[in-house]
Structures are given as C-alpha cells and as structure tokens.
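A.B. asks: Each chain, written out:
There are 2 protein chains.
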Amino acid sequence: MSAGVAGDSHLEQHPERAAVAALTDSFLSGLREWIAIPSIGVDPDHHDDVRRSAEWLAGRLRRDGWPQVEVWDHGPALPAVFACWPAADPQAPTVLVYGHHDVQPVDPIERWHHPPFEPVISGDELFGRGASDDKGQVAMHLLGMRAHLAATGQNAPSVTVKLFVEGEEESGSPHLRKLLETHKKDLECDLVVFTDTALHDRETPTVNTGQRGVLAGEITFFGGTDDVHSGRAGGAIPNPATALARLIAALHDDTGRIQLAGFYDDVREPSAEEREDYAALPFDERKWLAHNAGGAQAASGEPGYTTLERIWVRPTAEVNGISGGYTGPGFKTVIPASATAKVSFRLVPDQLPEKVADQLREFVAEHTPHGVRAEVSFRGEGVPPYAISPDDPANAAVKEAVELAFGGPVRFARAGGSGPAAVLQAWLGVPLVYLGATLPDDRVHAPNERVVVPLLLKGAEAAAHLWRMLARADIAKRLTP
Amino acid sequence: MSAGVAGDSHLEQHPERAAVAALTDSFLSGLREWIAIPSIGVDPDHHDDVRRSAEWLAGRLRRDGWPQVEVWDHGPALPAVFACWPAADPQAPTVLVYGHHDVQPVDPIERWHHPPFEPVISGDELFGRGASDDKGQVAMHLLGMRAHLAATGQNAPSVTVKLFVEGEEESGSPHLRKLLETHKKDLECDLVVFTDTALHDRETPTVNTGQRGVLAGEITFFGGTDDVHSGRAGGAIPNPATALARLIAALHDDTGRIQLAGFYDDVREPSAEEREDYAALPFDERKWLAHNAGGAQAASGEPGYTTLERIWVRPTAEVNGISGGYTGPGFKTVIPASATAKVSFRLVPDQLPEKVADQLREFVAEHTPHGVRAEVSFRGEGVPPYAISPDDPANAAVKEAVELAFGGPVRFARAGGSGPAAVLQAWLGVPLVYLGATLPDDRVHAPNERVVVPLLLKGAEAAAHLWRMLARADIAKRLTP
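As they're listed, the protein sequences go chains G and S.
For the first sequence, the UniProt record's numbering begins at 1 and goes up steadily by one.
For the second sequence, the UniProt record's numbering begins at 1 and goes up steadily by one.
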C-alpha cells in the first residue's frame, strides 16, 4: 500500500499526513462496513439498504464528533445525510462537501471476481460496489476532517464544514432541487466542494475544473399503424427507420460538427492555459481505448481537438440506442410502423439544456419527411454543464492542497461526464470546486469496481490541508465578501 | 354470392360457366375441409398437419379422376403433391400449374373474428387461414379441370395438365431447387401457370405479368467490445449506431434514387403499353394506404413513377429492422458497442440478387468509418425477379381466358412481392404465366384472411377456358416449337 506515497521525511512538515497514517486502519474498517450495505438506489428492493446506509453514515459522523448530524428521510427523495461542524471562528467561511451514498446495480454479477458487497483488499486496491463511486470519496472526507483536527490540535475545524450526502445520485438526483429548496438554510455556504470526480491517473494528480452537462432525448418517427410487408408497399411509402437514419446522419456534418442551428453559439472555448495543461497530461491512446472507451478500435472526433479535449471541453451528440421494425433472428421484410432513437448531448459551458432541447425539437421538425409523424421527449430538464476558472482563488487553494498532499506539480483537468455540480452551484449561488482522489479506470458502474487506497489517503490529507488553507485571510476574504 | 357474376344469358355461350356453377357446392365443401387442416409449414408442431394437407389434396385429386397422383414426402422438403392428367392428343402442349398448400401462422390469434381453421362463409366471402393464400387458388384449379372436362365432354383435358403443389412456400421454398432437380422428368412442361397472385381489385380483372425479386441482408457495425458510458468517451470514438445511420442515409439520394454503384444498370423499364395499362387501373390512394400499406399516412417514392409503378416495376431498398445500444424504457447514455440493420432490396428484371449482394458489400465497405468493423450476411441466395412480355402468345391466351370468364377488358398488371416464379421459370426453361383470382386486400399473412368466392369461380372458369385455348394450333405451335 505504498504506491506513490511520499517518504516518511515529509511527515514532520505535514502533520496532516501523520494523522492520516495513524487513522488508516480505522478508516478502512469503516469503509468496508459501509460498502457491505447494498444501497442500490435505482432498485426499489434495496431502498431499505439505502436507509441503512444513511443511518450507518450518520452513526459514524456522530462517533467522529460532528456536532450536528441529520438523516433527511422525509420523502420523496431517498434518505440523504446532512452534518455540520462549525468553525471556532464564526467569521470563517462555510464549506459544503457534496457526495452520495447510493450505488449502482451490480449486473452482470457473474463478471465480479469477488461478491460486490463483500469488500476485499488486494495489494493497494479495495474492491466492492461503491468503493470508488462514491462511498470511498465520502469516507475520505470523514478521514480528512479527523486528520485536520488532529493535525491542528483544535476541537473545531478552521472553516465551518457541512456535509451533504444524497441517496439518489445514481438515479439522476431527481429530487435534488426539492432537497435544496426544503433545506435552503441548512445548506447555505460560501463554497461547494464536490467529491465525485477522479484524478487523471495514478501518477498524475489533477484538479478537476468542470463537468459536461447532458441532455438525453428520445425521437420516434411514426409511419403507418402496422408494419407492412415490403412487397406490398416497398418503394411507395415513407420508411420511418430510413427517415430516422437520415435524421441521425444529418446531426453531424462530415467533419463531425453538430448541425443543430445555434448549437455552438454558447460554447465557451477553454483558455490557452487550460489546453496547455491538458496537452501536458500523459495520455496513452491505446490504453485509453482499452480501459476507458469500452475497447473501441480507434479514437476519432471533431478535428482540431485532442481526445481529452473532445471528452472534456467539446459538446457531443451521440446515439445511445436505436430500434425499429423486425430485430429478431432471421429476416422479415417489413416496412416498420415506427422507429425510435435515444440520443444524448453532452454540453459544455455555457450551453443550456433547455436551449438545446428547443434546438433538437426544431431540427426534428425540419427533418421529418412528409407522411411521417415525430414525437420528441426528454429525460427531465437535463443537467447543465459547469466549469470554474483555474484562476479562481478557491480553486487555487485546492490546487495547493493537492500539491501538498500528492507532491509534484498538479495540473487542471476536466471530466467528460455529468453530475449535479451545476445544479448545486446554481441553486446555492456560490463557487464550486472539485476534490476527488479516484481514478478513471476504477470501473465505476461496472463489475469489479475498486478504489486505490493510497490515493484516497492522499485525498484525505488534501482535504485536511484545504480546510486549514481556506481559513487564510486572503482566500476567506474572497469567499465571504 | 353474385358480385360481378355475369347474367345467365352467357351460360349457353360458355358451357364452362354452367359447369362451374353446377360444381360450386362440391368445390366449397372440399375447400372448407382442406382449410380446416392447419398446415402451418413454418411451425414444426404443425408438420403432421402439412402431411395431412398433402394427403387430403392427393385424395381429392384421385376422386376427381386424375390418373397420376403422388405425394412427394421423401425429405428434406415438407410434403409436396404432384399430379398429371395427360391430354388425349400426345402432341398437345404440357402445362404445369404451381401452387402451395402450406399456410402462414395465425398470430395474433386474438384479432381473428372466427377461428382461423374453422372456415366460415359470410356473404360472398369465405374466411379462414389459407382461403386465399393459396389453398383457395389451388382448389380453383381442381374445379377448373372438372369444368373443362364437363364443358368439353372429354375424358381427358385438351392439354396435358400437371399440378405441382409445394409445402414450403411460406418458409421461402428452401428445397424447391432440390425438388426440381429430383423430379426433373416429372415436371417437364411447355408452360408454367403460377397461381399465387391476385387481381387488381374486385371490379378490375387483371393478368399479372411479373413479380419483383428480393434480396435480404443484415449489416452489423462493431465499435468496441462493450457499450461505453458517453460521459467517458462521447465525442472521441466512433459511434457504430451513428455510422450505421449514415450508411442507411447514404443508400438513397435526396430524390430516393438508390446509391449502390451499378444498381440500375440491369433495370428494364416497362413498355409504354404496360405503363398505360397501369395508369388505366382504378387506384384510390387513400384506400390503398389504409388497406394495403399498413395505414401509412402518405404515399411517397421515386419521382417520375406512380405508386403502382413504384411497387411493381421499380427496385427498392428498405430498412426492415434496426437495433443497437440501449432500447429499453428510460435512458442509458451509452455509446453502443454495435448496431445492426436488416435491409432488403426488391428487384426488377433483369437485376440479379447475387450482383446486388456484391454491390451492397462494396457499398458497406465504402461507408465503414475508421475504427468500425462491418459484417454483412444475406438470407440465402435471394429470389430473382421475373416478368413475361404482355405480347407473349401464352400470356395473350391467359388474357383472353380471363376476359371470357370475367367479362370486359382485362389489363396487365404486376405484383410487388416475390415468389418462386423466377426459380421455376429458370429451372424449367419455359415461359411462366400468372392466373390468380384473389384480391390484394384478402389479408393474406394477417388475421381474418378471406377469399371472395365468386372471383374463385370465375378463376376456375378462366382455367377451363385456358386449357381449351392452349390446344389451339397457333398457340400450341409457339409453346412446342
């Protein structure tokens, strides 16, 4: 369990590191207990487990000394946990740490090497569902707080730390806005620290500065009322599957540029410095294809952008599923009565999901041929994109904390996925920074999810540094103007 | 049961009509017995019924006096029935009547108003599976032979009539070539009369002159080995579903012209006279859409051709089914590992299925993007198209026979579907003509299949006329040069 951990000579300069080391066994035994609770939020059969998971976390926080701990279980949301540990100095800024304790389903179960809810440590990895996403990172913050208090010798943190751990993230956080509304007062803060993102790789600590948004929609083209034998009408009526294919083909031009009218109007280009940071990150395309891209045979995308830029700072339009007509074994020469495509758009600042939804509706209307009727629907309101400037003082503090914990220069990066960060940021009206210590190849949402323990320990140390640094006058002044 | 039947004043001029009228009750009771046997060839549970159906037909033929009757049940084909009634004049031409006695499955059974194998007569319609396709038309030929003998007072027909009724047409006639090979000698003839096509409508008798061919294929595009979350790789790897949609979109240009290289090279345009005949046929687009085109909302297709021409004399490329990625309820923002389309081409003379298969393979290769692997497969060898000239003397005799039986001018038409006509014609090396008396809206392959009895009776009369006319020196000389 030594990968990348700096030598003991640093222990004296960094009392946080010594504190983390002393608390590691207790941290690991707690995390393993928590992972053993199968809090699969999307499965109603496991809703009691989500409740048990929330209670476990609340109990742990109380044992750790958090003065205010609540389980919010008043529906319709699955139980969330809230805790607050006020700073000794009432003028100190307030930080809200966001995480989630619900986990993904485990299918296909037969591909797990160990039972997903019987966590196992092997080498420096801890295996189990939720080890990385997101119980490991929430536990990391509990450890960070204990290390912060131990290192500073205080009985209260340097800044007020609030913890908000929801139970519906894997379900798309359907009641997050409602929770934020109900608990507006509780959740007031000067800064959000978002825990649900990863480092670039094991050797390259990074600080995340943003996530893409997402808008998922479904387009159905209807032709007749029944599939019709192509010998009877083939060539003489519109084929909804062909029409849908033509619509999808028209979504991109030949260079891969998305053709919704106005789609790129609000796209903010990354700064030259950000692009330099991304270019400086180690990137092995072959490994990325194998481990991060489902075994894809080649990288390809919008010209003029690298693979990382295509994932992090460029918007996309992807077909997630398509169906229509006869899809069983063998052949049935019918003209389908209808065809459906699920499409999703990853969005980047400052695109708005609702605007893209309108653009798609208009695009579908323009590409619906005579004799075909179109229906378009969306998954909720979509998730907005979010990014914080690398120059933001809170973000600079995160970078410094991560550099202290991990050693070496830390670069900024982004995440290609989507999460509730933008919703939190918009509702709470404060900056949001990212502090994550997991890895892109942790197999989250897949069999054999794992977390690399030494990275979590460094993440905890970084959190401990961060609470100390955020109280520094220069940063605190910016956070609480 | 009088729709369209000409008045009794014609009975004297047409002794065939009187003979048909006298035999109608016997004909109907026999046909009802036969329909009651559920000879669903595609369902192995009904293979004994296919056998019973063959035996029923053989028994009936023997009772009708056919001197040679055989059930060919030597595998691998399901039982076929062969019968031969030699002409008194050994110089007379030999005619082979083709039909089939297997029937389609009955799903969805709940949409039948009467049990499909308990035939019911209502008004002038006989309801039941196989009433139209194809037991009704085979029975029509048995009646035609009895009427021919009764009308001519002979105890042998004017031409040698052979009957070949296969048991696998609804399965795509997989062993037809084998049967033709095994029974080459038995099946030798000067003309094939194909019974498995329809009249234009109840009031408009037509003689069919051709059927389209068909080639059905499946194209699969493979990207990675697993579906991958679009937040991880979206925008940076090829999406097989998008690539497949782009291939399908490229199959037609904006006017609907098919883009396989060389696809139209062998397409024979219909003659001006044929197009005039088609244009003269009554055609109610609204009714056609509702009853023949699965309730399609509008007709559309290749510019410069009418709907009937698009179905009869123009080749098509249709998507029959498409699937890929997540197609269940809700959303899953994945990039699919693969996507599949089933496509079929209806072909017209003189296109060859094997040539179009090569054209498609080449087209797929050209439209497979970097990072995607393609697989293409086909359903067997495809079915070639077939057409006979309206000027062919045998075809002229059919037209005359149909005009005598149905009264009024008869026009030539074609069929948009595909059948074994071209295989029979090519193997036997003789002309093939069509004699059918069913209707396009008989709901063949669908619930509530029916046949219009007075039309079958006229068809039987037309067959009786035809056997007499084919013995005429001018036609016989052309048939047996």
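By construction, these hints were calculated from the structure, which means they are not laboratory data.
Some hints could be false.
Identical copies look the same in the list; a pair holds intra-copy or inter-copy alike.
Below, in silico cross-link-like pairs of lysine-lysine (DSBU-like), each with a Cα-Cα straight-line distance of 30 Å or less [to be verified]:
#, residue 1, residue 2
1, 332, 178
2, 184, 355
3, 477, 332
4, 355, 477
5, 287, 178
6, 355, 332
7, 178, 355
8, 332, 287
9, 184, 477
10, 185, 477
11, 184, 287
12, 287, 185
A.B. asks: Given a CA cutoff of 30 Å, do residue 355 and residue 332 count as a within-copy pair, a between-copy pair, both, or neither?
C.D. replies: Close across copies (21 Å), not inside one copy (40 Å); limit 30 Å.
A.B. asks: For the identical chains here, do residue 184 and residue 355 meet the 30 Å Cα criterion within one copy, between copies, both, or neither?
C.D. replies: The answer is within: 27 Å in one copy meets 30 Å, while 70 Å across copies does not.
A.B. asks: If the cutoff is 30 Å on CA atoms, where do residue 178 and residue 355 land: within, between, both or neither? Let me know, please.
C.D. replies: within (23 Å within a copy, 63 Å between copies)
A.B. asks: Since the copies are identical, ignore which copy is meant and state whether residue 332 and residue 287 lie within 30 Å (CA to CA) inside a copy, between copies, both or neither.
C.D. replies: between (41 Å within a copy, 25 Å between copies)
A.B. asks: Please work out whether the CA atoms of residue 287 and residue 178 approach to 30 Å or closer within one copy, between two copies, in both situations, or in neither?
C.D. replies: neither (41 Å within a copy, 53 Å between copies)
A.B. asks: What label fits residue 287 with residue 185 when the C-alpha limit is 30 Å: within, between, both, or neither?
C.D. replies: Neither: 46 Å inside a copy, 66 Å across copies.
A.B. asks: Taking 30 Å as the upper bound on the Cα-Cα distance, should residue 184 and residue 287 be classified as within, between, both, or neither?
C.D. replies: Answer is neither: 44 Å inside a copy and 62 Å across each miss the 30 Å cutoff.
A.B. asks: How would you label the pair residue 332, residue 178 (within, between, both, or neither) given a Cα cut-off of 30 Å?
C.D. replies: Result: close only across copies, 24 Å inter versus 49 Å intra.
A.B. asks: How would you label the pair residue 355, residue 477 (within, between, both, or neither) given a Cα cut-off of 30 Å?
C.D. replies: neither (36 Å within a copy, 77 Å between copies)
A.B. asks: Please work out whether the CA atoms of residue 184 and residue 477 approach to 30 Å or closer within one copy, between two copies, in both situations, or in neither?
C.D. replies: within (23 Å within a copy, 99 Å between copies)
A.B. asks: 30 Å Cα cut-off: does residue 477 pair with residue 332 within a copy, between copies, both or neither?
C.D. replies: neither (70 Å within a copy, 43 Å between copies)
A.B. asks: Under a CA distance limit of 30 Å, which applies to residue 185 and residue 477: within one copy, between copies, both, or neither?
C.D. replies: The answer is within: 22 Å in one copy meets 30 Å, while 103 Å across copies does not.
In terms of the numbered hints stated before, the structure departs from hints 3, 4, 5, 11 and 12, listed from lowest to highest.
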